[in-house]
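**Q** Each chain, written out:
There are 2 protein chains.
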Amino acid sequence: MVLNFNWICCIFVIGAISLASARPSLRADTCGYQTCPKEKEGFVNVHLVAHTHDDAGWLKTVDQYYYGSRTQIQEAGVQYIIDSVVDELKDHPDRRFIYVEMAFFTRWWQEQSETTKSVVRELVNEGRLEFINGGWCMNDEATAHYVDIIDQMSFGLITLNETFGECGRPRISWQIDPFGHSREQASLFAQMGYDGLFFGRLDHEDKKERLAKKTMEMVWSGSDSLGKTLFHLHVCAQASLFTAVNYNLYQPPPGFCFDIYCNDEPIIDDPISKDYNVEQRVTDFLKYCQEQANAYATDSILLTMGSDFHYQDANVWFKNMDKLIKYANERQTTQGSRFNLFYSTPSCYTKALNDHAKTWPSKTDDFFPYGSDAHAYWTGYFTSRPASKYMIRQGSNLMQAKLFILFRCIQGVDTSKVGELYTMKDAMGIMQHHDAVTGTEKQHVAEDYALLLHKGVLECQKIQTAYYGKELVIGSQSLPKVSYCQLNVSQCDPSENNSRFVVNIYNSMARSVDKYVRVPVKSGTTFQVLDPQGNVVSSQSIPIAEYVKNLPGRVSSATVELVFLASQLPPLGSKSYYVQPVARKQEKTSKLNNKSSIFNEKVSVEIDDVTGLIKSVTVNGKTTQLKQEFMWYPSKSGDNSNVNQRASGAYIFRPGGNAPLTIPSSSGIKTTTYSGELVEEIHQIYNSWVGQTIRIYKGQEHVELDWVVGPLPVEDGVGKEIISRVTTSISSNGMFYTDANGRQTLLRKLDIRDSYPYTVTEPVAANYYPINSHVYIKDAVGNQLTMLVDRPQGGSSLHNGELELMVHRRCLYDDAFGVGEALNETAFGDGLVVRGTHFLILGDKTNSMKMTRSLSHELYKQPQISFIPTTLSFSEWSALYKTQQQSISRVLPVNVNLLTLETLNQEKYLMRLEHIYDVGEDSILSQPATVSIEGLFPGFTIISAEETMLGGNQFKKDSNRLVWNAASTRNEIFGQQKWDERAIPAVQLKPMEIRTFIITLVRI
Amino acid sequence: MVLNFNWICCIFVIGAISLASARPSLRADTCGYQTCPKEKEGFVNVHLVAHTHDDAGWLKTVDQYYYGSRTQIQEAGVQYIIDSVVDELKDHPDRRFIYVEMAFFTRWWQEQSETTKSVVRELVNEGRLEFINGGWCMNDEATAHYVDIIDQMSFGLITLNETFGECGRPRISWQIDPFGHSREQASLFAQMGYDGLFFGRLDHEDKKERLAKKTMEMVWSGSDSLGKTLFHLHVCAQASLFTAVNYNLYQPPPGFCFDIYCNDEPIIDDPISKDYNVEQRVTDFLKYCQEQANAYATDSILLTMGSDFHYQDANVWFKNMDKLIKYANERQTTQGSRFNLFYSTPSCYTKALNDHAKTWPSKTDDFFPYGSDAHAYWTGYFTSRPASKYMIRQGSNLMQAKLFILFRCIQGVDTSKVGELYTMKDAMGIMQHHDAVTGTEKQHVAEDYALLLHKGVLECQKIQTAYYGKELVIGSQSLPKVSYCQLNVSQCDPSENNSRFVVNIYNSMARSVDKYVRVPVKSGTTFQVLDPQGNVVSSQSIPIAEYVKNLPGRVSSATVELVFLASQLPPLGSKSYYVQPVARKQEKTSKLNNKSSIFNEKVSVEIDDVTGLIKSVTVNGKTTQLKQEFMWYPSKSGDNSNVNQRASGAYIFRPGGNAPLTIPSSSGIKTTTYSGELVEEIHQIYNSWVGQTIRIYKGQEHVELDWVVGPLPVEDGVGKEIISRVTTSISSNGMFYTDANGRQTLLRKLDIRDSYPYTVTEPVAANYYPINSHVYIKDAVGNQLTMLVDRPQGGSSLHNGELELMVHRRCLYDDAFGVGEALNETAFGDGLVVRGTHFLILGDKTNSMKMTRSLSHELYKQPQISFIPTTLSFSEWSALYKTQQQSISRVLPVNVNLLTLETLNQEKYLMRLEHIYDVGEDSILSQPATVSIEGLFPGFTIISAEETMLGGNQFKKDSNRLVWNAASTRNEIFGQQKWDERAIPAVQLKPMEIRTFIITLVRI
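Read top to bottom, the protein sequences are chains R and B. At position 388 of the first sequence the residue is numbered 1338 (our numbering), and the sequence of numbers has no breaks. At position 895 of the second sequence the residue is numbered 1845 (our numbering), and the sequence of numbers has no breaks.
Next comes chain R alone, as it looks inside the complex (with noise of 0.2 angstroms):
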């Protein structure tokens, strides 16, 4: 079997579109900044900023806001935002509005006429529709993965380069409401070329704070690595981000919300009526105005007029606003007013702070946790739906892998068959919006969420059938039919129902990867498995957990798993492995009742006969204490009715007592022991609702916890929120660390914020964070417990040499944010059941940043696995299918991965490489990185690679970010640079750096 470089290419182009090259670029120099209004020297100038907030889905679904149906539940329809705002803008030059989520906009543009869409386009030319943020959705930042977020946000970005050109780019991002808001998040936006963020929400403690201080505004520094070191033309600081808090969330002045769904009084300005009143209203908002500008550093302040789903009547916000600002600016001539209000836009508010040339305070940390009140701690979304979130993460690996295939099947083909991956990419798009993957929506609107991705995931099925389809016939017959299993639930049809069949797995990382693999199978048959060679390979049948087994939903007749390495998977490639039934006895698997270890050559896990937990763990040679037990935080109850009434619910963790509890359990844990050739493994079973594997496979170094919990029983009136907690000798001294968006990694204090007074109100709650991919604490002598989640939980470490995740919640009060719903997931007629993965990692400092590196990307990039049952012996498969791919001529360094390959059309492909360290984690690891690209896809020569920004809709070339000066330490100007030429193509990339090249292929 031979590698195949000569691809049959598949019928799926993606619906990604190209930075907008041809477009008529005469607008460029005037739109953006240029068409700004003039502030008025000498007053305060207040910048109306008309907007709407379209949640992609929360008590509604996409569907349902954007048609405004079910507006029982509420009053919202984007189609009539879109087309009312357009109207209202059309006759009036003056008025300005923003417009920020592109799912909904995309959509309405597809519907429009060509007249509508040249009015539209004039509007965005003269800066009076401006995008801004400009994503697919206003993403998360706690719960995103930054995977996630660079898609979505390029998804939106490049359609609006595509659609608008450069008048259509995004100068500002505008992440109003997300819960929180992160580093991680920050540096992307910075890297996109944002000029500025707003956001709305951050602590109430913090916000006292930055009201007293006037420091509602800032130079946030995004990165350690990538604002602090020099590298070749880096100026400095690629990932600084000036940040505006908005004063009041995104919400108008009090009593000037002339929505068509408000209740405040219109401007009545005909003074013959008895309810006249322009006077109180005018200086009702002037007084309003001042004690705004009381607090923010310059005369120049922005308002937010808009609000969730606003602007359906457009005309009845707009003509009161008119009436406002015509009657306030009267009164400079009339009474001497000092205020001088206009239209404006968040980037042209920017532009006007930017013109202060001030020195702005800067911040490093994060804003997380979000607490809105001292009992309103914003960390239980953290982990709520967990496994909505764990679909996320499994669609966000299918989709890359996905767009891989794509890429290569698109090159040098002219297809008319565009956009096949749309629905996926329009589905992922929207599941990072902050009440998707935060799990903060409505049950029906999770239900609809959860079909989206599904069809999403059907999608990319179609097209890994056709790639196999295609790639690996040989001659001209056609691949019998491929099937996706669910082996989440160890069920497998083909493999439980078929006496031979091909295993096929698909690598999508750019290197090799070892990957065991686990078919469910009928116990009774003895397989043997071949590799693409033909040659047998080791394989171990274990059996399911009991409690595996009886997962509800579960149709399966499967008790075994039948267990192999599939070692090396090839970079961007798959290989088919080969099952068979032999005659022989399978490879022993010892059931030991009353064996208390399981090891390989590298690690041991020893459990505690008596609790049944594990006491302690061996990695080479090295034995940490160490107890492992899921708990439980009864979820406080009330009413809401005030501060100390809140409840736990979907957004809100309040626990009723500060320590968790036991897992009940009437005869304690039972547990069994598996040993083999290939894998170890301890069942514990806790009681009906709690169950663990502890896992570890030959030749790794990390001990795998495979958990089932739920249903959660809620008879006893009380929610419950589980977690699993790690207890060892290390010495953490109050310190944590995660992982910000599955990326940088951000230092923890217990109880402590570094940037303003703190008060300890929950202890518990307001000490946790949002864990992506990794969380550790260390020691000062450099022994580090590391754990890896399979998706976004909520975390911390509450005593010393403690780690706790929380893995499953349910609740049965509303926390009274908005949702209205406890959230209360059921399935199959009783609470939901989760099951979950954490890597255990145990090491020093370094060996264990290394490991997490790497581990954390193997876990969410797992190699893709599908079944063809045969008749068929090997030899006659292997000589009518290729049994191996392989789609990039070589790895990638080990520290550096291919973020993405994405087909623009039919010559131009979007390109991301990244280095996954950070400064200082590896000696050698954390050092820059060179790629060469050259050849780099077989039987194509790169002609050309342009770098662009980060959201792959700006050459970065042509990058010319606003200049600004931050009162850090090291007084850092940052903004306008002299952008990288570092030669193609040998990529250099530097800690943490991503680089995004638009490339152009021929083929050779």
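Among the hints, a few may not be true.
Repeated chains share a single entry, so a pair holds when one copy, or any two copies, can fit it.
Claimed, not checked - Listed below are the simulated DSS-like cross-link pairs for lysine-lysine, each with C-alpha atoms no more than 25 angstroms apart in a straight line: (1) LYS1405 <-> LYS1224; (2) LYS1273 <-> LYS1040; (3) LYS1273 <-> LYS1224; (4) LYS1273 <-> LYS1067; (5) LYS1276 <-> LYS1067; (6) LYS1648 <-> LYS1811; (7) LYS1552 <-> LYS1800; (8) LYS1224 <-> LYS1412; (9) LYS1067 <-> LYS1040; (10) LYS1699 <-> LYS1067; (11) LYS1465 <-> LYS1499; (12) LYS1572 <-> LYS1412; (13) LYS1420 <-> LYS1577; (14) LYS1552 <-> LYS1276.
Honestly, the hints are just simulated from the structure, not real lab data. In this text, all values refer to a predicted model and were calculated from it rather than measured experimentally.
Given chain R's structure and the hints, the job is docking chain B onto it.
**A** The following block gives chain B in isolation, referenced to the frame of chain R:
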């Protein structure tokens, strides 16, 4: 003193506007029916009528509705509606909309830019925005007086004509919400040139019958006099009107309300969406269309697509209707559907029906009372808010008088002060709204209405004052301050606190009248009254009734009223009487506690010594046994949860029992009798909340009943509805007669409806009818009892020989038809007190009708009295000031009323003359009348008099009404006619005819 014809003109010009003769007429023959969409033969043609129903006050005030303030009460803002509709029509030539209420539209129009105005003109010219009805409001039909109806309609129609010319002329009247329908109103509409009338509310049993018989559409013969008599060149039936009842009131089909405030599902036409609903929605809609078509006579059907204050965000409605139309009509080709949907208007629908050339069923009676179910008879509002109803009558009288004054003032004067009576015209127009004069508005709205009207009254007083200031002054000195008194509570500062004063009495009728004037004065002084020539006239001082003196809010030291006769008041003119103290004793009034009768030379009234009630009335020697008594019905309480739980409320009259109860009176009715030269009175006191004066003036043949009712006690938790009931020996045989809007008379039959099968479920309420001027019973031999009212009241004849009038009501429960409040009027911390007058007439049929016609006009157009205190002697006064005025050359015939005299511009005036008798009411007075208008206005020549339709918005010669066939006994064909060309200046009037002229005057 000589009559003065050499007027020095006043400074006022009214806001009425001329029939636009100078307007470009090229559009005239391309607008109107010519713009209508074509029907498709062989299809059910579904006319979708997009409309909004904008109450001129109801739950909110007119200002609140216009501006959209107080949305907590109701989500309604008319400014936004018209903004939005115009915007949505602009770019969509197929869309149509109708607008009705000119009180709102005019206000909006005045705020628009020239650009917007020209857009709207274009929309109107193209029939896309069609004015329908076009009155100032959609007036009530039960309690509005015909003078006010004509005025409010004309105000709207003339404004429309001035603004849009012929294309703005409404073809159709649209009375979709009023609570029952009047035959007189139909007659007036016909005379205004409407081609059709559409309404929504008719009795539930009537509707059932009509749906079953497909007679929802008919020809309504509006007047016996105008319908049946051929006269000169009037062909026939100028009062006949095509009339259609809407299928669903004025609401859209259930489930198809696409307003932004509705909750029905939008059309979701993205086939990928799981919410895609086009098939289901179209099927449901067409099913409804089929059901409606089954109930109507033709395959053209009209669907009302709108409701109260809909289309604030017109896009929501139109966008979904666009889709509905598109997808429904697609079925014509894809599924052979026979439904054809399109945007239409009531006029286009009417034209389509007319094109069918069918013969339509006919209708001669009216649509009162309206029972929406078996226990919800809308007869309470005939009386609701009796004080407000009286204020409107006073306002009407005042305004007519002031229009006449302005007519006189403006002649030949160039002035830029146009529009001074606008406030009053606006207020009076608004007051005719079907939630204003009806008394069915919320209390705060009632207070706003009162304020509007009060402002108008002040404006009228200013005009009256200016008139006197210019007209009475002989030299160059100015007239002393003119004061107006609250004579309704017998309170008058200038007469109470001055010993010499002048009483000016203005008569706005075109005939002479006698008026007994009552001037409140302190007792102790004896006064002498001098007529304009200085002759002493008889006067009499009579004590103010105890129950009047105690009226809440009365601040007066007057204890007696000085009564004198102002005789032969000149037509459209005034007399001034001079009052001075004299040494001798006042003409005597005898107080006789034990006297049980009063009399004058024609009439005597005897009361029962025991009961204190009238026991007989003798007129011209003929004695009728007659008992008059106040009684009360308990208001039914209920939560309206079902038909039987309906409460009596603002709309609904539902007594708790079928027999009225006796007014509680601890020691019987206390009576006091006063005799004197001019007037004799019996004061009856029932208790602290019912009192009445029975009064006979010298020379008068009717008995005046001057009653005070209230505060109605409700401490017992029971609402109360008070009637005045007259019981006689007249054998009325279940028949009684009531006026329609103060004009024609209709026969009523107890417990019988001529038009449909009727079930007696509410034996009292369902026999109530609106009385605006008169109600009578009679027997076969010519005895007749007539009661005249000074305001609208509900009334009936429930037993032989009986008449009852409901004078006041105070309910404690809402009746659940939207107003959301119990009708519980209070003032000064207690229930509202109401004072009113009934005229009781006994006589034969001929005499009674003559008195009725004459007295009802006198009661309606009472002379207006003002006061000027002075220190001058009479001879000094009369040397400086004229004491008599007249602005018409001669009196008109007694059967003719000068209905209108209104300035249009500097030379054009609107004049209406009406014959006030119906056919057959009087052998002489019911004959046609002739009025020579030559030289009618002293000092001026009428150089032209062009006849117009009743609304003053179309020349009669241009009228081109649609021709209809009605299946009456005569198989009437009516419509397009050769209009009267009877010679001017001799205006001939047949019974009940009103002729409207635009006259041109030049100064001689």
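**Q** Each of the hints needs a verdict: does it hold here or not?
**A** Verification of the supplied hints:
1. LYS1405 <-> LYS1224: Classified as between: cross-chain Cα gap 11 angstroms, same-chain 58 angstroms, threshold 25 angstroms.
2. LYS1273 <-> LYS1040: both (18 angstroms within a copy, 24 angstroms between copies)
3. LYS1273 <-> LYS1224: Classified as within: same-chain Cα gap 18 angstroms, cross-chain 43 angstroms, threshold 25 angstroms.
4. LYS1273 <-> LYS1067: between (29 angstroms within a copy, 20 angstroms between copies)
5. LYS1276 <-> LYS1067: between (31 angstroms within a copy, 22 angstroms between copies)
6. LYS1648 <-> LYS1811: within (21 angstroms within a copy, 110 angstroms between copies)
7. LYS1552 <-> LYS1800: For LYS1552 and LYS1800, only the intra-copy Cα distance (16 angstroms) is at most 25 angstroms; the inter-copy one is 121 angstroms.
8. LYS1224 <-> LYS1412: Answer is between: at 20 angstroms across copies they meet the 25 angstroms cutoff, but 68 angstroms inside does not.
9. LYS1067 <-> LYS1040: Classified as both; 12 angstroms inside a copy, 17 angstroms across copies.
10. LYS1699 <-> LYS1067: neither (52 angstroms within a copy, 66 angstroms between copies)
11. LYS1465 <-> LYS1499: The answer is within: 23 angstroms in one copy meets 25 angstroms, while 104 angstroms across copies does not.
12. LYS1572 <-> LYS1412: Neither: 48 angstroms inside a copy, 105 angstroms across copies.
13. LYS1420 <-> LYS1577: neither (50 angstroms within a copy, 106 angstroms between copies)
14. LYS1552 <-> LYS1276: Answer is neither: 76 angstroms inside a copy and 71 angstroms across each miss the 25 angstroms cutoff.
Checked against the numbered hints listed earlier, the structure breaks hints 10, 12, 13, 14; every other hint is satisfied.
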